[in-house]
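Residue numbers (our numbering), protein chains in the order written: chain F, 1 to 178; chain E, 1 to 219.
Keep in mind that the hints were calculated from the coordinates and are not lab data.
Worth double-checking, as some hints may not be accurate.
[Claimed, not checked] Heads up, simulated EDC-like pairs for lysine to aspartate or glutamate below, C-alpha to C-alpha not over 20 Å straight-line:
1. E/Lys203 to E/Glu160
2. E/Lys45 to E/Glu77
3. E/Lys46 to E/Glu107
4. E/Lys11 to F/Glu44
5. E/Lys211 to E/Glu160
6. E/Lys130 to F/Glu69
7. E/Lys183 to F/Glu138
8. E/Lys11 to E/Glu190
9. F/Lys11 to E/Asp179
10. E/Lys130 to F/Asp171
11. E/Lys11 to F/Asp143
12. F/Lys12 to E/Asp179
13. E/Lys54 to E/Asp41
14. E/Lys130 to F/Glu170
15. F/Lys41 to F/Asp143
16. F/Lys164 to F/Glu34
17. E/Lys11 to F/Glu138
18. E/Lys97 to E/Asp43
19. E/Lys183 to E/Glu196
20. E/Lys46 to E/Asp81
21. E/Lys97 to E/Asp41
22. E/Lys83 to E/Asp43
23. E/Lys45 to E/Glu107
24. E/Lys11 to F/Asp171
25. E/Lys102 to E/Glu29
26. E/Lys83 to E/Glu138
27. E/Lys183 to F/Glu44
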Amino acid sequence: MSRQASRFDTKKVNAEFLTLTYGALVTQMLRDFENIEDVNKQLERIGYNMGMRLIEDFLARTSAPRCLEMRETADRIQQAFRIYLNVQPTISNWSASSDEFSLVFETNPLTEFVELPTDLTNLRYSSILSGCIRGALEMVQLDVQCWFAQDQLKGDNVTELRIKFVRRLEDAIPAGED
Amino acid sequence: MIIYGVYIVSKSGGLIYNLDSNVPKIEQERSFTYPIDLMLDYDPKKVSVVFNRKDGINVGHVLTAVNGMPVNGNTLEDGRDVKTTLENSENYPVNLKFCRPKLTTNEKIVQASTFYPLYAFASQLSPEPKSSGIETLEADTFTLHCFQTLTGVKFIIISETGLSGMDMLLRKIYELYSDYVLKNPFYALEMPIRCELFENKLKSLLDMVEKTGINNLDK
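Pulled out of the complex, with its shape left as it was, chain F reads as follows (with noise of 0.2 Å):
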């Protein structure tokens, strides 16, 4: 079987792996492309389609119900965060109108060994992360935006993602979901 023991327990890997391999895939993009614009969007792209798949597996080891509301939804993110990168990041910053928060990281294991040139301030380095949310909440039919506020390897002391709603996706909630 797939999943021995408890349902959290699967194969766990060091997580300085995954920072080395997503530092050497950055690293490939800036070589490949010429614009650093060029390689934040491709790597929000590549963020996108993982988070499309992603959040399969999330919601198959979860058995996580629907979100009615904003906070449930960042209670997800929260708990998706955990699982996957091992991190904990506290939700805060709630917009008045409860559709918009921030993801506030103390550290981000993917810039773990990391420093930015001071060629490349443009660069949003993490900005899988981003494109991972948005992907993965669009199949659940919540349409928002996502963005960096602050990043710690910019000089920031925490590195900040924000989370706005922009509408739910009618037409694509399923018959007998909606």
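The hints should help you fit chain E onto chain F, whose structure is shown.
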């Protein structure tokens, strides 16, 4: 604990995977003398029995071979027409092989896409708001269990009647799908699943469930 088949229907209603398991193959071969005492229907697509069942050859069974020669539609492999062959008394005695008709892939695809609106229809018919669609559908020879994920993929199991715990098995199949199909970089979303690993894991899961029951499913 018999499971006859597993189907996966994509978000847009297309059949992306199906597995037949354990469907008993009923095949009967008999020798016939002139005139043949079965009422046959000579459809261009198949020759089937319409009346007078005998010796396990039942109404609805389809002719698959004449004297060991396979039948395609209503012609024999060597080009002769089945009807004229069977009506000619010189050809007797003749050995005819009948079997239960099997669904072609096309027919399965049509059925999967027929189930899709039925499911939606059921949720709209509901007297209570916010109802799900069909979760189980019972017939006298089988039960259909359906599980729809939040993303809209449907997992369907056709099993014998009176089984419980099928929802656990469906979730398990969902896990296999998310592990072995979606993590396969060569699989394009919404396309038919051709992943050998997935198929093997699914088969061993079904084998295990059939042998030892649903309760031994490790969560």
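To see whether the hints hold, each was checked on the structure:
no.	hint	in the structure
1	E/Lys203 to E/Glu160	holds (17 Å)
2	E/Lys45 to E/Glu77	holds (14 Å)
3	E/Lys46 to E/Glu107	holds (14 Å)
4	E/Lys11 to F/Glu44	violated (24 Å)
5	E/Lys211 to E/Glu160	holds (15 Å)
6	E/Lys130 to F/Glu69	holds (16 Å)
7	E/Lys183 to F/Glu138	holds (18 Å)
8	E/Lys11 to E/Glu190	holds (7 Å)
9	F/Lys11 to E/Asp179	holds (12 Å)
10	E/Lys130 to F/Asp171	holds (16 Å)
11	E/Lys11 to F/Asp143	holds (18 Å)
12	F/Lys12 to E/Asp179	holds (15 Å)
13	E/Lys54 to E/Asp41	holds (16 Å)
14	E/Lys130 to F/Glu170	holds (14 Å)
15	F/Lys41 to F/Asp143	holds (18 Å)
16	F/Lys164 to F/Glu34	violated (31 Å)
17	E/Lys11 to F/Glu138	holds (13 Å)
18	E/Lys97 to E/Asp43	holds (17 Å)
19	E/Lys183 to E/Glu196	holds (13 Å)
20	E/Lys46 to E/Asp81	holds (12 Å)
21	E/Lys97 to E/Asp41	holds (15 Å)
22	E/Lys83 to E/Asp43	holds (10 Å)
23	E/Lys45 to E/Glu107	holds (13 Å)
24	E/Lys11 to F/Asp171	holds (12 Å)
25	E/Lys102 to E/Glu29	holds (17 Å)
26	E/Lys83 to E/Glu138	violated (39 Å)
27	E/Lys183 to F/Glu44	holds (18 Å)
Going down the numbered hints, you'll see the structure goes against 4, 16 and 26, while the others check out.
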